[in-house]
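Starting from the known structure of chain D, arrange chain P on it as the hints suggest.
Protein chains in written order, with the numbering used here: chain D, 1 to 351; chain P, 1 to 120.
If you are wondering where the hints come from, they were derived from the structure by calculation, not from laboratory data. Glycine included, every Cβ here is placed at the ideal spot set by N, Cα and C.
Pair ranges (Cβ atoms, derived):
| id | chain 1 | residue 1 | chain 2 | residue 2 | range |
| --- | --- | --- | --- | --- | --- |
| 1 | P | N105 | D | K200 | 32 to 42 angstroms |
| 2 | P | V40 | D | G197 | 27 to 37 angstroms |
| 3 | D | E26 | P | G26 | 49 to 59 angstroms |
What follows is each chain in one-letter form.
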Amino acid sequence: MSRRREDIVIIGGGPAGLAAALAAREAGIRKVLILERDKELGGILNQCIHNGFGLHTFKEELTGPEYAEKYIQMVLEQQIPYMTNAMVTGIEVLENNDKCVTAMNKEDRLVEITAKAVILAMGCRERPRGALNIPGTRPAGIYSAGTAQYYVNMEGRMPGKEVVILGSGDIGLIMARRMVLEGAKVHCVAELRPYSGGLKRNIVQCLEDFDIPLYLSTTVSEIHGKERVEAVTLTRVDEHGVPISGSEWRVPCDTLLLSCGLIPENELTIGLGAQMDAKTGGPVVSEHLECSVPGVFACGNVLHVHELVDHVSAEAEKAGRFASEYVLASESKTCKSEVADASERREEGWE
Amino acid sequence: MSTEVKLTCITCPVGCALTVRLDDAGETTVTGNKCPRGAVYGTKEVTNPTRVVTSTVRVAGGTDQVVSVKTATDIPKGKITDCMRALEQVEVQLPVHIGDIIVENIADTGVDIVATRSLR
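Okay, chain D solo, but in the shape it has when bound (with noise of 0.2 angstroms):
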């Protein structure tokens, strides 16, 4: 196990990530770490290669991996160090209020890393099929919009041919015409509640453009077929959101994407101990961004789900300047301190 000690360690690579990490590097702190799961930076904009992102942050249409490649061209430039592979498995507070973040990867095995300040950037996660309660078998042929939108952008494979969407959100909306672009019928997209999730542009450019028709007030209740899906279940649902009996019809399909929602991951969040807001499924945060353990600070999605990567990157912004004015604090308070302890360390082997 190796030790690394650094004044600001950031989880995630992602858009928030990166935004972060820029902004604490401008705020004047040396030593800034990314620790990212995947195998390079980006995070979920590697996948989503359709445009409309940037309009705020940079005043231009681009599409996802673009938008990614400018903010790691700039995290490149200013070398600010990050571990890809590395998955974070625990972040403690220390008696002395300094962080302590362990991670993992191939090159590096385990290693501990002690930080002033955390910044939380781990994005969020798809609402999946056992948290909906649809009935019927467990075929192979479902899959949450993000994974198809990964299997045929990052993997050049599509999941299947004929498809049914559950849910309205941006990311089945996009994945119903980007599935059709790749040759698939995509039959219905279905909508438990009577309005849709997504924006409106995407309504006409993804649906409408391609006759794709969108059922609200509707959703799956059984799922058939024992190896692959084959076929739906498709009701009507009252105002309440319960099935009603006799509004059956049936759908043959071989897929079905779920885009029911996102919820932020904060399993990392919750092991540190700090507060979370039932409402939007990521911490309690003060005006600052900081949770209620003192130096640790959310942006993104893992604080809460957001519309566009703008906000994410405008978000992340702030929460690297608070992190840094954080750091810098400790730092005039503790100098004396901290000047020993570095020597220490440095004796030690520590940097």
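Then chain P, alone, in the frame of chain D:
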């Protein structure tokens, strides 16, 4: 005589509700837009609707890798399918740099396909 078309602008996430009036002389008037881009979109959408197409192309050499690409500007809606079918045949050699032209004049649109990410 003039015809009126109601549209949702797709230029940005605001999604303005546009009304496009097309008169006999072929002149269009766009209302409901909150920015100039909405007027451009509204006129195009009733005269010659276009879209930017984003997709992926395979990396040569039998790997599973793909590189994301887009049309450098918008192309006529009617050309989207031709564009996609043409892209199916394309393989690129690595390294690819963001902005590299991958296919010139895709499907006779006069528009190039460019890479939207770098890959080594």
